[in-house]
Amino acid sequence: MTSQRQNTPAEASKNEYFLRGEGITKVYSDGTVALKEATLEIHPSEIIGLLGENGAGKTTLTKILSGLLPPTSGRVVSPKGLVHFSSPRAALEFGIGMVHQHFALVGTLTAAENVALSHKNPFSRIQLSKATERLEALMEESGLHVPLDVPVEKLAVGEQQRVEVLKVLSRDVDLLILDEPTSVLTPLEVDELFALFKRLRNDGKSIILITHKLKEVQSITDRIIVLRHGEPVGDVPTETATTEQLARLMVGQAFEQEATAVDLSDKELPLKRERKAVDRIATSVLHVEDLVSKSNTGDIAVHGLTFDVFGGEIFGIAGVEGNGQTELVESLTGLRVPTSGVATINGTNIIGLDPRQIYRLGVAHIPEDRWELGLILPFTLAENAILGVHQWDEFKGPMSFLRWGKINQHVRDLMERFDIQATGPGAPAKSLSGGNQQKLIVGRELAKNPDIIVAAQPTRGLDIGSAQYIRDLLVEMRNAGRAILLVSADLDEILALADRIAIMYEAEFMTICSPDDLNREQIGLLMGGVKPEEQAE
Amino acid sequence: MREEKLERNSPRYLRGIHRTLTGFHPAIESVLAAIIGLLIGAVVMWLWGYDPIAAYSTMLKGAFADKWGLADSGAIAAPLILTALTFSICLRAGMFNIGAEGQLIMAGLAVVSVGFFSLPPGLHHVVALLFAMVAGAIWSIGPALLKLTRGVHEVVSTIMFNWIAHFLAIYLIGTILMNPRSADQTIPVPSTAIFSKLVKGTDLTYAVFVAIGFSLIIYFILWHTTIGYEVRAAGLNPSAARYGGIKNKRTILLSFILGGVSAGLAAAMILLGSSSTHAMYRLHGQLTNVGFDGMAVAMVGRNHPIGILFSALFFGGLNAGGRLMQLGSSPVPVQMVRLVMGVIVFTMSIPELARIFPAIRRYSVKLVRDLRQLGSSAGRRQSR
Numbered sequence: 001m002t003s004q005r006q007n008t009p010a011e012a013s014k015n016e017y018f019l020r021g022e023g024i025t026k027v028y029s030d031g032t033v034a035l036k037e038a039t040l041e042i043h044p045s046e047i048i049g050l051l052g053e054n055g056a057g058k059t060t061l062t063k064i065l066s067g068l069l070p071p072t073s074g075r076v077v078s079p080k081g082l083v084h085f086s087s088p089r090a091a092l093e094f095g096i097g098m099v100h101q102h103f104a105l106v107g108t109l110t111a112a113e114n115v116a117l118s119h120k121n122p123f124s125r126i127q128l129s130k131a132t133e134r135l136e137a138l139m140e141e142s143g144l145h146v147p148l149d150v151p152v153e154k155l156a157v158g159e160q161q162r163v164e165v166l167k168v169l170s171r172d173v174d175l176l177i178l179d180e181p182t183s184v185l186t187p188l189e190v191d192e193l194f195a196l197f198k199r200l201r202n203d204g205k206s207i208i209l210i211t212h213k214l215k216e217v218q219s220i221t222d223r224i225i226v227l228r229h230g231e232p233v234g235d236v237p238t239e240t241a242t243t244e245q246l247a248r249l250m251v252g253q254a255f256e257q258e259a260t261a262v263d264l265s266d267k268e269l270p271l272k273r274e275r276k277a278v279d280r281i282a283t284s285v286l287h288v289e290d291l292v293s294k295s296n297t298g299d300i301a302v303h304g305l306t307f308d309v310f311g312g313e314i315f316g317i318a319g320v321e322g323n324g325q326t327e328l329v330e331s332l333t334g335l336r337v338p339t340s341g342v343a344t345i346n347g348t349n350i351i352g353l354d355p356r357q358i359y360r361l362g363v364a365h366i367p368e369d370r371w372e373l374g375l376i377l378p379f380t381l382a383e384n385a386i387l388g389v390h391q392w393d394e395f396k397g398p399m400s401f402l403r404w405g406k407i408n409q410h411v412r413d414l415m416e417r418f419d420i421q422a423t424g425p426g427a428p429a430k431s432l433s434g435g436n437q438q439k440l441i442v443g444r445e446l447a448k449n450p451d452i453i454v455a456a457q458p459t460r461g462l463d464i465g466s467a468q469y470i471r472d473l474l475v476e477m478r479n480a481g482r483a484i485l486l487v488s489a490d491l492d493e494i495l496a497l498a499d500r501i502a503i504m505y506e507a508e509f510m511t512i513c514s515p516d517d518l519n520r521e522q523i524g525l526l527m528g529g530v531k532p533e534e535q536a537e
Numbered sequence: 001m002r003e004e005k006l007e008r009n010s011p012r013y014l015r016g017i018h019r020t021l022t023g024f025h026p027a028i029e030s031v032l033a034a035i036i037g038l039l040i041g042a043v044v045m046w047l048w049g050y051d052p053i054a055a056y057s058t059m060l061k062g063a064f065a066d067k068w069g070l071a072d073s074g075a076i077a078a079p080l081i082l083t084a085l086t087f088s089i090c091l092r093a094g095m096f097n098i099g100a101e102g103q104l105i106m107a108g109l110a111v112v113s114v115g116f117f118s119l120p121p122g123l124h125h126v127v128a129l130l131f132a133m134v135a136g137a138i139w140s141i142g143p144a145l146l147k148l149t150r151g152v153h154e155v156v157s158t159i160m161f162n163w164i165a166h167f168l169a170i171y172l173i174g175t176i177l178m179n180p181r182s183a184d185q186t187i188p189v190p191s192t193a194i195f196s197k198l199v200k201g202t203d204l205t206y207a208v209f210v211a212i213g214f215s216l217i218i219y220f221i222l223w224h225t226t227i228g229y230e231v232r233a234a235g236l237n238p239s240a241a242r243y244g245g246i247k248n249k250r251t252i253l254l255s256f257i258l259g260g261v262s263a264g265l266a267a268a269m270i271l272l273g274s275s276s277t278h279a280m281y282r283l284h285g286q287l288t289n290v291g292f293d294g295m296a297v298a299m300v301g302r303n304h305p306i307g308i309l310f311s312a313l314f315f316g317g318l319n320a321g322g323r324l325m326q327l328g329s330s331p332v333p334v335q336m337v338r339l340v341m342g343v344i345v346f347t348m349s350i351p352e353l354a355r356i357f358p359a360i361r362r363y364s365v366k367l368v369r370d371l372r373q374l375g376s377s378a379g380r381r382q383s384r
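Taken in order, these protein sequences are the chains called X and A.
Under this note's numbering, the first residue of the first sequence is numbered 1, with each subsequent residue one higher.
Under this note's numbering, the first residue of the second sequence is numbered 1, with each subsequent residue one higher.
Bear in mind the hints are in silico, worked out from the structure with no lab data behind them.
Backbone N, C-alpha and C fix where the C-beta goes; we use that ideal spot for every residue, glycine too.
Where hints are given, some of them may not hold.
[Unchecked claim] No farther apart than 27 Å at their CA atoms in a straight line, the calculated lysine-lysine pairs in the BS3-like style are these:
id, chain 1, residue 1, chain 2, residue 2
1, A, Lys-197, X, Lys-406
2, X, Lys-396, A, Lys-197
3, A, Lys-247, X, Lys-430
4, X, Lys-80, A, Lys-366
5, A, Lys-61, A, Lys-197
6, A, Lys-247, X, Lys-396
7, A, Lys-249, X, Lys-294
[Claimed, not checked] To give an idea of the chain X side of the interface with chain A (calculated C-beta under 7 Å), a few residues:
id, residue
8, Leu-69
9, Thr-72
10, Pro-355
11, Arg-356
12, Pro-378
13, Thr-380
14, Leu-387
15, Gly-388
16, Phe-401
Chain A extracted, bound-state conformation (with noise of 0.2 Å):
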């Protein structure tokens, strides 16, 4: 009885990922998933035959051995999460908003078009910035309205709102936004608004402090003040909720807005930082997949905004190792490191898997017990 009350509360996804392995500290979880999938990825190089031993100590020497390897995975990291920030503030408010890639697409459109108009350093970062989060957060409203007043499923929406910012974009960047000099790009971010160098001779910029300065206002929003509470609350349960006065329209939309904030500053991160050329392809590569990824890193991360840091920190570094390793002296394809990512994911969705099993068991077991029953009725009736 108890069981079935739980599990009405809240949608059957959601509960997934707020649950943990019995016992275990959801940190401890995390660990053991990462731990999994770096196994399952040296099984698969071994039976390729390439050496993991080796290739795992290129991508984790070229990843956290030294400053420059730890600054690239940073650089990398900065963005993730931030859009892992995106999913787990709706994750917390009971929505799955999968929008992160289009709200990205379309604050880094809105970053860009900063490049019209000079104004002073400093100046120009935080106008960048804003128009970023501005941005981001209109292109999550949309999903969010059609929530609240048609209830259209986010997860259609926000895809619908991907697709629609990925060829908009494909259009402004061809048109309005194109570099009359490289007709396959946008017109570049001026230098009075790209963040300097952190570590000179890699991607890390200042820029990542407001990625990890975003990632603890957030934490403190939802931990220590009542319109987080609000927000979790009626993540967790929503009727209690109501009873509780909350508004739950109102938390919906809070969390879809913040979301958007976090992911127009993801677009910022790579815009103004980390990419090479500060502005757009045609075809907007430095973007595309941040946004999924994101969710990834969120997953890990148990979505909490500290676990993030670490779980975009770790992700960050298998991207920036991965690349070492297909240069080392037993050179193995990157795109091991998507295999090795995409186990952990699975991995973390084990709690489910363990769930699952006595479940399995106890209807096998039913099973075995009612065909039995059926052969010794038959066996009766025969020998009557």
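Bound conformation, chain X alone (with noise of 0.2 Å):
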């Protein structure tokens, strides 16, 4: 069976494509590009992986493809003619369904509410009893079995899941597009999935499968597309793939190599010269021993981990996102408590303190996201600037009056040292650019004189200049022996700036080294969860 599949799309592809997509340009309003001239073509009855790193562009092309988002330019195509998609829904008529990460279900209802939800006059008798009907019509076919009288919130993820992908099919769907499905999964889910997609398949229906893992690509697609940045790198068919060409397309490098490497280090980021400038101080500032914490959803985001920071290092933490970063920087600055485990800074244990306790010995946290935990927006510069120090007697006079005299000569100061621009201390932050913005809450942290500072995902969405200084003054601070954790998703930031780097995958480091031990390719598939053994074979 499979031997007669593996030929048909190649030879289909010229005259019998269900979809293509034409240089498709994707500008967000804040100017972020997301998807620089992709082109793809997607033929029926085939499986594609889309891989790519973090913000490579792959939601935004999938978004585009299913009518959620319009591109900026180019076109998508179908044999019939042009397509424009103005909604989910004209995507769903024409045969285009997509499953979220996170599922658009309504708790309270039954899988069959919801599934007749998604239709037209959703509230009508008629309309449920045939969505019930319907619905075991298709659970037969597709062999997708869910209680249909339970409320959804009540079924397992996995279960919940398999509504969401009947919803689509209900609507008899040519293309169907999930975006990262085995994340909430289990490893027998999982398989059932991957069983269900190869008979969508062989019924003539096409599957664009959204994936960091690239062990799941290899084991179920015909067809993987690399993005990076924007730009479709890779096309390839997977029986010829190796997961170590998969990496290095998803990390770079593929091409001109030797280009690319003297371009990240000489000119982008002229920083890895001075790394061997000073010597890491011999006492550890953080210390972290078999730490475990637990996501807000009460899975395990962080196993075990041990690990320890020196004054004068960069301790980089690199991974695809979600592998339990976020509860690791969590845990550590106060805002999550650990379930078990150890960690110090300068010898005090730091667990169970809340944040302000945590500040006052010596740690400053650059925040992950700087609009719901950085800022408050609405403040002005001057009471941002505070955040988190206002209790301090610099800024707090008798009976807990603000200095403001002091504070704004503070700010000034700050805006002065960190170029951050603004018309003035009275500015509210929601005036100030992204850029300004991230200057802001570092020079705030920085001004604190921390012995650590814990730097989440410090220079995302900013744009090069910006990025740039706030790697200078991260590097900085190394060179005056302070300790610095920082967590990014960007590995060529990571590469550039740590003096160690652990890499982090499902709640725990796949490895701590120091960065010229491993080449880039070794890393990708470190991060894609393929340890080094595996590697070797």
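Two independent chains are provided; combine them into the complex using the hints.
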């Protein structure tokens, strides 16, 4: 059966495609270029793996194909002509359905009601009974079985996902797009899902699978498209693709290997050369032992991590987002109480302390989410500049009066020292550009004169100038003997800045090593969950 | 993307209240809303055959033209300032406290109970004010604790506490606090605790300075102390406040207590000041709606203690002058005043409406496009 299939897409690609994206470019309103001239073709009855790092444009691409987002330029064509999706519903009518990472289900309604809801006139009685009937037939046909008369919130996550898939299948789609479908499933459920994919493919449907996991992609897909920085850098048949090749494509350096390397270390990130300038201080500033932490959903997000961060070094944590980095940072900064384990700063235990007490111990925290955590947007620059340090004696007078004179002076100093472009201390933080907002946060944190700086995704979404400026500051602090814990999904950043790196995958460190010990390919594999011994094979 | 992030920061209804119409200063917005309210009131009067110009001139003259008018407006404004503060302080902390009404009633009971003992003047005033503040604060702690320990939504709990206070007051007024000589009311506040008149022949007493003073204190707490800083930070972005080492539970409790104190003082303003009998009636009519009107005052005052002073005087004037409207050469029913108040509150929420319009436009454009597409595809199907 498989041999028969393998030839079809290749032969048919010239005349028989289901959908083709031509030169799709997407520029978001804040100037981020998410997709650059992406061109791809989707044939009937094939499973495509869409690979790429965070921010490579995978989600943007699928959102455009499923009608959630309009492209800035470029077009989507089908054999029948130009297609234009003004809404997800229009895309569904055309035959494209998407299952998002976060399910769009109404928790209190049953599976049948949820499916009926996606149809027209969802509230009519006929529609509901029809939906139930159809659903039963569909379940028989697809082998996807879910209880129909139970509110979906009572179902297991895997079952909820099946409801989502059924919802889309019930609209007779030809192309099914799934965003990270396996991240919430148990291995058994993954097997079931993949078996379904194969059945659907044999029925002539196409499937696009977004994932970070190399092994999964290789086990199920027919063709793999790799996106990097918004451009498709590879479109390879799965049987000819090697894991190494895919990892390389994902993290770059696939083509013109030498040129890219020079480019990174010399022009964009001139920091690496300075790295040997300072010897790290022998005593550890942050000591973590067997730290276990749970995510908001109750899963283990940090599983028994042990590491030290020394003064005068940048300890970088690389890895695909969502592998526990956020929970780790929160556990170390007082925002999340770890389940067990030890964490000390300069020998003082920090487990159970609140953020304010932890800052007093010499911790600065540049948070991952600058709008949600780092800033209070309607507040002024001055008000934001004292967040977390407002109880310190420099800013608080007798009777807890705020010393606005000193605070405003402090803000003016920050603005000058950290090159923050704003009209003055009284300007609201939301009036600042993203780069200046981040400089304000970084400035506020560095002004604490910290022993350790926990920087989570410190340059995400920033323009090159601001990003470089912030990286320079981190190196400056490191050269001044401070410890820095840098968490970043940007591998180039970690490689350029870090003295030691840890690669995090599914709540654990795959390895802790010097960046010189590994090449990008090995790092790419580790980020995808492939252990060194497996790599050797 | 950015828009989405912002949306998540605080509950939807709170953001609407902090937001201003594009570009305008909040004060100008409030004045505009007041003018629109008055204009719509005028149109309604004209439709019903009244003379709006005569009515408004009677009203404004009666409210603001002379010393006595201004004094009467101020007397009505004093308790409104304080109940508006109750609402605003909690809103700044991110809480929608509509329990001023119940806190006011409980504080009223505490105030009249100072009639059970005699103290020298001055001290008696202070004791009465303290009773009011403590009673108001205690009654507001209930909903706060329910919120903090059990997650009960403050809107639900404060409404329920309002009703508990209402019936508890009816019971207490009819029993323990009953005036033996006049069974439909409580014992009166003794003259040693009553504030003397600021302007003879009006309801304005020295109590108004308590209201103004408290308003200024709240202003200083909110904008010039770390306590107020924490309250406002937690109200605008709870997760960022947590990151900044602020304990949100503490700021919520604190805002409820301050709000309760403020509502308590409002009851004292009425019973130690403007009320003619200085006693509570069986259905505590003097206190009814003062808590809710305070919310309108807070909205027009943009939840700022200084803004509230002005908007309370405006609403006080509407009420004081409105009473005269029904007496003039062309009498207008006094209910017109409440209509104007209602329109003003609606107008204040126009920033919300102004944001809805583009969304409606976008949606209808989309709808037309979809329909066209549907039509053309149906056409194609037929031709096939």
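Structure-based check of each hint:
{"no.": "1", "hint": "A:Lys-197 x X:Lys-406", "verdict": "violated (44 Å)"}
{"no.": "2", "hint": "X:Lys-396 x A:Lys-197", "verdict": "violated (41 Å)"}
{"no.": "3", "hint": "A:Lys-247 x X:Lys-430", "verdict": "holds (24 Å)"}
{"no.": "4", "hint": "X:Lys-80 x A:Lys-366", "verdict": "holds (23 Å)"}
{"no.": "5", "hint": "A:Lys-61 x A:Lys-197", "verdict": "holds (22 Å)"}
{"no.": "6", "hint": "A:Lys-247 x X:Lys-396", "verdict": "holds (18 Å)"}
{"no.": "7", "hint": "A:Lys-249 x X:Lys-294", "verdict": "holds (23 Å)"}
{"no.": "8", "hint": "Leu-69", "verdict": "violated (11 Å)"}
{"no.": "9", "hint": "Thr-72", "verdict": "violated (15 Å)"}
{"no.": "10", "hint": "Pro-355", "verdict": "holds (4 Å)"}
{"no.": "11", "hint": "Arg-356", "verdict": "holds (3 Å)"}
{"no.": "12", "hint": "Pro-378", "verdict": "holds (5 Å)"}
{"no.": "13", "hint": "Thr-380", "verdict": "violated (11 Å)"}
{"no.": "14", "hint": "Leu-387", "verdict": "holds (4 Å)"}
{"no.": "15", "hint": "Gly-388", "verdict": "holds (4 Å)"}
{"no.": "16", "hint": "Phe-401", "verdict": "holds (6 Å)"}
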